[in-house]
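Asks: For reference, the chains in residue letters:
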Amino acid sequence: MKKILLTLALAFSATCLFAQQTYPVNGSYDNRPGQFAFVNATIVVSANQTISNGTLLIKGQTIQSVGAGTAVPKGYVVIDLKGKFIYPSLIDPFTTYGLPEATRGGAGGGFGGGGGGRQSIFVSTKKGAYNWNEAIRPETEVKGMIANDSKKADDMRKAGFGSVNVVNRDGIARGTSAAVTLSDEPENNNMLSAQTAANYSFSKGTSSNDYPTSLMGSIALLRQTYYDAQWYGKQKEEYNISLEEFNKQQNLSQIFEVDGWQNILRADKIGKEFSKKYIFKTTGDEYQRIPEVKATGASLIIPISFVKAFDVEDPAEARSVSLTQMKGWELAPTNPAALEKAGINFAITTTGLDNIRDFWTNIRTAIDNGLTEKQALLSVTEVPARLVGISDKVGTLEKGKLANFLITSDNLFKNGNIVFENWVQGKRFVVNKINTTDLRGVYALNVDGIGALTLKITGTGGGSAAAIERSGPDSTKVTATFTRSGDWLSINFNLRKNPKGDVRLSGYVTSASPLTFKGESALSDGTEGHWTASFKEAGKEMPRREEPKPALATLGTLIYPFTAFGTAAAPVQESVLLKNATVWTNEKEGILQNADVLLEGGKIKAVGKGLSAGNAKVIDATGKHITAGIVDEHSHIAIAGGVNEGAQSSSAEVRIADVVNGEDVNIYRQLAGGVTTSHLLHGSANPIGGQSQLIKLRWGKSAEELKFGGNDGFIKFALGENVKQSNFGSGARFPVTRMGVEQSYIDEFTRAKEYQAGMAVKGNNVRRDLELDAIVEILNNKRFITCHSYVQSEINMLIHAADSMGFKINTFTHILEGYKVADKMKAHGIAGSTFADWWAYKMEVQEAIPYNGAIMHNVGITTAFNSDDAEMARRLNQEAGKSVLYGGVPEEEALKLVTLNPAKMLHIDNRVGSIKAGKDADVVIWSANPLSIYAKAEKTFVDGIPYWDLDQDVIVRKAQQGERARLIQKMLDSKSRGARTQRPVFEAPRLYACETLEDYSAELTELERSHSHE
Amino acid sequence: MNKYLLTLALSTLSAVTFAQATISPAKKQTQTIAITGATIHVGNGTVIENGTIVFSNGKIVSVTAAGAVPQGGAMEIKAAGKHVYPGFIAPVTNLGLAEFESVKATLDFQEIGNMNPHIRSLIAYNTDSKVPATLRSNGILMAQITPEGGTISGSSSVVQLDAWNWEDAVIRTDDAQHINWPVLPRFRGGFGGGRGGMGAFNPEALQERRNAAIADLDAFFAEAKAYSEAKPDVVNTRLAAMKHIFDGSEKVFITANSQKDIVAAVNFAKKYGITPVIVGGEEAYLVTDFLKENNISVVIKQPHSLPSSLDDDVNMPYKNGAILANAGVNVVVSIEGYWQQRNLPFMAGTVSAWGLDKEKALSTITLNTAKVLGVDKTTGSLEAGKDATLFISVGDALDMKTNNVEKAFIQGRDINLDNLHKQLDRKFSEKYGLKVK
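In the order they appear, the protein sequences are chains A and B.
Residues in the first sequence are numbered consecutively from 1, following full-length UniProt numbering.
Residues in the second sequence are numbered consecutively from 1, following full-length UniProt numbering.
Accuracy of the hints is not assured; some may be wrong.
Cβ pair distances, simulated, as ranges [claimed, not checked]:
id, chain 1, residue 1, chain 2, residue 2, range
1, A, G459, B, R209, 37 to 47 angstroms
2, A, A512, B, L184, 43 to 53 angstroms
3, B, E223, A, I955, 52 to 62 angstroms
4, A, K603, B, R209, 32 to 42 angstroms
5, B, A205, A, D354, 13 to 23 angstroms
6, A, I955, B, A205, 54 to 64 angstroms
7, B, L184, A, W132, 36 to 46 angstroms
8, A, S804, B, A213, 50 to 60 angstroms
9, A, K782, B, L184, 47 to 57 angstroms
10, B, E208, A, T750, 54 to 64 angstroms
The hints are simulated quantities; they were obtained by calculation from the structure and are not laboratory data.
Think of the CB as a built atom: it goes at the ideal place given N, C-alpha and C, for glycine as much as any other residue.
Pulled out of the complex, with its shape left as it was, chain B reads as follows (with noise of 0.2 angstroms):
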């Protein structure tokens, strides 16, 4: 850890001082603070020019055009010409479940086996991360903690980011089961270009395996359904974790692409009673009126992505989430990895680029996120009764030209928006004689 400890010192906005260890969790909201002024950016797709939004205790009291601070020893912040905006949510990712990448000894994220519903993200999610400070700066506040790999990876729980362990942080627990509908492998194309055909394996035999798979995942479900309605002779962790699936509690995120694939999923989850959420669907523009019949919300693949065909429109990923969201479906905006999440307000920035109205896309990273989270009665838009967990933006938050996060609150309390990057910044750039901002 000394590694990091390059000095010593509190850590505010304005003090000129290091180390990330002492970015220390906010205390509770004490005082109300009223923000005025602002442009109010609700996350349900509504916008209040010159707004006031008040919070007390943690939780929104009002959010009005042109509203008075209250009476009463409150904290005005003045943000005339600012934007406020609803704390973003980034689901499905394996933030604090993961420090570098290519060094295995910080991955806690893909365990071993197939039907892992057993596995849960919380306990594992590490508070002290560098990286949940760097996102905080851009304005992502809340996280769904998401385990990986197998067919059944297992479930996650949904956090804030601003605690002193798991306990602290999490909103939600257990939240979802995550599912990964088993697909055909996808091959790398040959080195000349114009020949049909791969040579050395059996597509017959791919399917086979496939189907295998689905088979396996179906009778899992079936004898996880029926242990669920009495009680059993032997206990099995791994079924009984399945139960909150069936009464509802527990939501199941299915990750599928292909169209055929986003169908199959859907088709058998509703078999066990379930309406999932897919996850990834590359190729969900394909099906909306499936979509949309069977209510089913979309969490998109980043839409900085690659077209999944050669053949694909250019900038059918920059799309894919305006074409659903104009057709009605419910969509949700992730974006791959953990630190990379820093990056979620440009992607629902470029789903409004791509055809979706600016406060619809802010949604699909707020309010949207919040209800396929199941935790949209305390958070994901401003408004009264709700968490006060909102950020205080210079410019439009969702473009990397104008996010400028100056101030931001989780459950009211007023949180510290340093973070190991601003740190370095300034102890190099005082190195050089540069002016520190």
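Here chain A stands alone, though its shape is the one from the complex (with noise of 0.2 angstroms):
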């Protein structure tokens, strides 16, 4: 109570504009009645609409009337701003303004490696009728959350701003935000609208919960979620506070907080799912990416954040920084202006900014890169209120409207305009003051024992800094100090000799035309006397500290992908005829020599010796080999953010799918290792991973047109000491042992046979449940499993688990026992892939041996080996050559390990693994034998696209070496024009392998927090 007396005490010592009308109030009311009248300004209405000499009148915190020409009632105070601009004030719609500092939840904090911070905790710790999941609070309300801070409202008040929207931003389901005005009237005065959206990210934020771990993880509870809320909608068995909230929530606007265009695209796909129509809050990337991003017709909240410059003036360091950073540094700033012209609905806010006084730099830097000053007063007046539904309250100056509008000198976005004023609600508060005049200028100054010297006003708010001149014999040149109130000012300065030691003046303005000053002076030595100053001429600014406007032609080019090996135009598909090779068909025509390969809409047109070119071009293959494609079975590359969701024993419902990375370099690496196809596999921390997604390596492509398409869809199962956690972990998550393992199994697919059983029963309200979805689809043929596995016996229990719980198990992977249970294996049709040659990395592998795979090829089972390694997947060809080495495969056979047998297990060898009239044209030529060490892949092509040519690699680099070398030296023009830079620091690509665990949910959380601070 005493906390509330003393706010109420310090409002009314301020004046109260409108009171609360339910709280008492100690003394006599002091209503005013709040009636301004704003006359000869020019008053923007909005983007579409500017009234010159024109009058705003406002009462209390609403606008009276706008207009031309408008007669000012009696009873109002008249403020004339002639020659000044009236604008309405700006929105941000994206601030945690008022809310407390999240603060991390008790665990999970941990990530990277070894998997160490993991505390295994299970299910939610919230204690009450909430989700089982702590990322999943849609409950959460800011209204109740947010409390006036004064600091940074005063911030974001000089800086133009009259109302924010404020989000929580914490969590997957965050709950609703709310929009407030910037006043410093109490909150009950100040709220524009208590629920303006729901929120969401892919953060799980402070939730103390395990899982997600990953971002497919997030995709995927988040997409539960939604079905969880459907079913409890028609449910009364129990009571689910979130749900309850989330479902409530629907009929809001749905604000998306993603990092990265690709995350765009992810939540937009779960958007179309659910029928949500998501405002996404982003990064500020979409420029690589806009067709795409245009496509999901949504409207966007953009950061107005531009990376800083590098320093790059050691051409070590300078190494550091990829051409990703670099191009990166310099296109960010086009990205307002590249929305605007694809016609995207897009709002700027403030988040994001290291700090607040950067806003107007970068804004004018965006418009220098093409922003329209109409589209960006747009984007942080009438879009934002739109986007958080206030714009019935502000946003534009009409009648009825807030009185929240700026008054300025000038052209809002014009370099060197003023903000005099921010009134919020009807009240003034002063950034600038209005009735300043402009000091700036060189006057001719003399001082009493001094005699004649210049003085140079310059700097902000119509002057703030000056500097003194004396021309002559001793001609000097020095910095003052400038202070000034009003029309009263004080200058300080020390001419060093004649007289040594600090000159002080203080005076006041004595006539506005010419400006003419005078006062009185003191010197060091103790002499006083005057001084006087009149206007010679206007100074020259010299702007400082502004980052270099680019100019437009000198821009480099967009890249796909954004990353080294990106190009401009993306390669084309042609009709080629490969001559005089030896092919290796991988067909029962066996090895050709002398053979030709003709290439034509993408497919395989033609086999055989002597075939005619016709309108193809001709590429003389004489001397080299010809095979198909590498088919990697078992690979993690391409994957954004994790690839293991592995805090509980089973993750059937999370989907590489949703996660596919188009702008991972190791699609372009393995090209050059001869790979077109890849299966990218979850990882193996549990029992049952997640659904897989088949890709072909067309590099450049967006992740959904990488997708394979019309395959068959696997999942991913694992055995051993990862999913019994032996190296990692805290070993508090079921299993520990084998004999867990098993009773995962078991227990999983008891419950998917109940759940499919429950779902055939017309009427019943059976909750979908995506982790069962997946194995009811394994249960029906649907879905094909893969499994991680090493040793005899738990391959022996898988497959007496499938027999018994009546499911097929399609391909153990990376398999180093296979040996062991070759017979079993080929009794049952389950193929297997494997290392060639990898043991002793644990103690599951010490009688792995290199004649794996030999032996299961020979007992006949369909054999493969696959890399669950970046690098290895760059010379597959040479693992198949071990296969000679270790077991005498023949080489016709040894090759099929890398290119038919995989495709045979993947279910596509009748798209790919052979040359074959009539399948997909993906072949690489070799410049040797391909299961030598001699041998280079030269040109790999997909779908009959030469995505690698060694040659054509050349040319790609010396070309990227010469737009490194052009934005190095932007960076050190940037530099040497006094912008800001920052140390390069090495950031290593991410690689995935099997194993990989970290905590991508927590890590991103870090990383909006770390660009949160203000």
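Work from the hints to combine the two standalone chains into their complex.
Replies: Written as structure tokens, this is what we have:
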């Protein structure tokens, strides 16, 4: 109570425009009429309407009228704004204004290598009838958390903002945001909308639960929550505050904070699935893929923060800065303009700025890069108002709306414009004194005892800095300290000699035109006297500390993907005749000598001797070897945000399909090793991992375009040390023994059967369970298992579990003791994909032998060699060559281990895996026998498109070097012109293997927080 | 141990028998052996077609073109169409110091502490490890057993891979001290792409920490040098262990990968009158002139690596060795780990595929290595007077497709080329009725 009284006292001391009706008053009421008339101003009513010489009438917190030639009624305080401008004050649709700093929950903060920080917290630690997972917290209401923050409000008002939408950036379903004005009135009076939007992200925030640890887990959790909420709405057995609130919020605006343009597309897919139209708060890299972003049809809230240039003076350190970082630095300021040009609706937020004072500098940089002033104004007024549903109150200067407006000296976007006043809800906040005379200029100064000097007044707000010059024998130039209070000023300087010591002047303006000052002077020896100064000429302003303006013409081109080896123009599909090569057909024709292969329309048109080229381009392949593209059955490249969702023993609900990353340079690196198809697998942290995704290495294409298309779905299972967490983790998650692993499967399949039966009964309100859906698909032979496996006992176990539960195992992947159970695999028709020669890296591979592949092959199992490693995948052909060394596999069969056989086990041998007319033109030209260490992939075609070309690579690298050099020079120029820079820090690319554990979601939270410090 | 005792029997090349434990070190050479008709890859860059190599009492007597078999009971091994190579040498490996990477009890290569020059690998080298036998069968017959970790990791020793115990195994004791040049940590990339900076850490602070680590190393070297010059009042085993790097009898290997670190490491060592060997050298190709001027040998990181930077030529790790060697730098090729060493020949093969002459590529795992390890007087090439440590391969041993080691000799001893993997292959091939090779 005491606190409230104190607040009231403060409020009253500043006068109160509109009383809180329900609050008692200590003393006499002081409610004022608050009637003001602003006359003779240029009034920018909205981006589409400007009134010259207009009048704005306000009463209390409301606009009474806006127009030209309006008569001012009696009883109004008249403010003459001749030559000045009135704008609607700005609106930030995405801030954390007034919220307490979020603190991370008890656990889950650790990430990286060993999963060391994992505490095994399975369900919510929040007491009460809430959701099982703490990251789903739609019950959170910003309206009850928000408290005035006078410091931050002041900073934002100074930048021109009048109202903000406040989001609690914590969790995946984050609850509702609220919009408030930046008035210093009590909170009861500031609220514009108590529920502006429901909020979402992929970051679990302060949740202490382990789940989700990955981006795909976050996606799966959100997707499942939609289904849970649907089910919840139709049942009466249980009460769940979170789901209750979730359902209630579905009619609000839906704001989704994402990290990077790829996550816009990922979130949009969820939106489409549940008929939700999200507004995306982005990170400002949309310019990289405008068409894809536009196709979502979504409105955006974009940051106006731009990366600082890197300090690249040291060439060795410059090597640490990637092309992606350099181009990102150059092109980020073009983002607003690119969005405008594409007709994408967007608002601008200050969130992400290191300092709110950079706001105008950056807006002007964006304008320099093509953003129109009109769009800029829209993006900070009407658009945000509409997006968060407060356009009935703010955003334009129309009758009935709140009196939230700015008084400026000039066009809002003009360099040098001064914001004089920011009125919020009819209350005046002075930023710069409005009637302050502009003192800037060059003056003839005369000081008693010194004589004639020149005074230069510069800076902002009509003058904030001064310098003194003397010409003649004792010529000098010194900076003065300059302070000003209205028309009072004081100037201190030291000329070093004649006289020595400080000279102190104080005085005032005596005449406005021409400007003259006079006052008293004091020298360091105690001499007192007078001084005068009179205006000679206008000074030249030196721009200071401004980012240099890039000329539009000098910008580099966009490349796809936005990384090294990306290209502006995608390589094209063409008809090609590869002539006179050794062709490893992988068909009954065997290895053909001096044969031709014709590629046309993305397919292999013909194979044979003396083919006629027709219109096809001829490539002489004499002395070369041609094979089908390599198929990697077990890969973890091109995946964003983690490969393991290992917090639970089954994560069948997560899908690699949701997190394919087309920007991974490993795609290009592996094309250089002849790989054309990769099976992207979930990791091996749990018995039932996620659903896998088959891709073709179509370098430069978006994630969706990488997908193989039309293929059967697979899912990763895993056995052994990883799933029982022998070498990492807290050891608290079931299972920790191979005995428990068996029961994980028995339980999951038992539940799946019950679920399927329940679903089959008409009228049942069965909760849709994405995890069990995947298992049901397995039972119905619609999804296929590839199981990470090592030792024979567990392999045998899974074969038995499959038999008893009625499911099939398609493949044992990187199975290293397959040779011990080859007969059983053969009897069950199970394929084996393995490593060529790995062993000894853990206990369960103590008897892994390089003859494994040969034995499985000889027993008659469909056998393949896989990578599970971004490096090894670059030379799977050589791994196949090892089967010749270990086990004497005939060369023709050896090559099939990495081409036709993996294609068979992935059910795509009708499309790829051999050189046969009608199959996809996924073909590699090798410099030598492909099983040899001396073989290089010279050209790799996918769908007939040469994505890798050893000669073209030289050209690409040269161009890249040129582009780097240009950008380095540009950064050096920028630095020498005074722009702030940052030291390069080497960022190693992220690589995943089966065992990579990390907490993507927690890491993302850290990143968001580090970027939100103001 | 009984886990591995599958059956007990004598193991020879021809017998179908199992059990690693019975693969005994070979007996001393008693009979002069002449390998005839082979393509002899000398290891120094030359090849002798239809060559004859004669060795006796463990030493090479002669290497000649079309030479005759000596009179007096010499055994002739006809090797027409086959290849003879000097035994390959695996540098900088924790072979015999580790058995299973994930099982702590089997790991003996990284001691606690930052300045550990007194740590010696040799005495922990486990001749009963199941790994060396799997290397010999690919032609790797010697290795530099090397400790890891800290700033100064300790001393390596050079061993041959067919021994009863470390005393028998050793070729050169405490051949080199191993130093890890203090480096800046490398960060994993961000998620979204296109966003610079990581926000949460401070590059200046990291740089300072690195500088402090270098200062510590410098102080340690200065004190060690002073300690080595006079009889000290107090005995310090760490400082004492540094003595031989100053008198030149023990080499200094420094791991450094970025061009700046390579230069800094070399200049640091030069200050103490030491010519170091650089290990890693990912960016060595950027400072070839510097390396040549200072006569620095580089043990390059395995060519089968990913490029160190996103923007690097995707094939740069393959090319690094050839660029350096063709510029005149003494290049030694290595591969990480212990069980992985059986792929060492293919690392050299890769260097050859990407630009280095085949015989010169061979030198990067034989004579060049022997020089850097200080054992080139006795091994590294097939020359009269050197140890008869060599093998016969049916085909090109640098290519996995043709590497097929039929016979190998270490110091003239006809070693057993069986191993655990071959044994398990036989066991299960038999089970399935497959043809046993």
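Asks: Run every hint past the structure and note whether it holds.
Replies: Hints versus structure:
1. G459/A x R209/B: 37 to 47 angstroms: Given about 41 angstroms between the Cβ atoms, the range holds.
2. A512/A x L184/B: 43 to 53 angstroms: Hint violated: Cβ distance 60 angstroms, outside 43 to 53 angstroms.
3. E223/B x I955/A: 52 to 62 angstroms: Cβ of E223/B to Cβ of I955/A: about 54 angstroms, so the range 52 to 62 angstroms holds.
4. K603/A x R209/B: 32 to 42 angstroms: violated, 57 angstroms
5. A205/B x D354/A: 13 to 23 angstroms: Given range 13 to 23 angstroms: holds, Cβ gap about 18 angstroms.
6. I955/A x A205/B: 54 to 64 angstroms: violated, 41 angstroms
7. L184/B x W132/A: 36 to 46 angstroms: holds, 43 angstroms
8. S804/A x A213/B: 50 to 60 angstroms: holds, 58 angstroms
9. K782/A x L184/B: 47 to 57 angstroms: holds, 50 angstroms
10. E208/B x T750/A: 54 to 64 angstroms: 59 angstroms Cβ-Cβ, so the 54 to 64 angstroms window holds.
Hint violations for this structure: numbers 2, 4, 6, all remaining hints satisfied.
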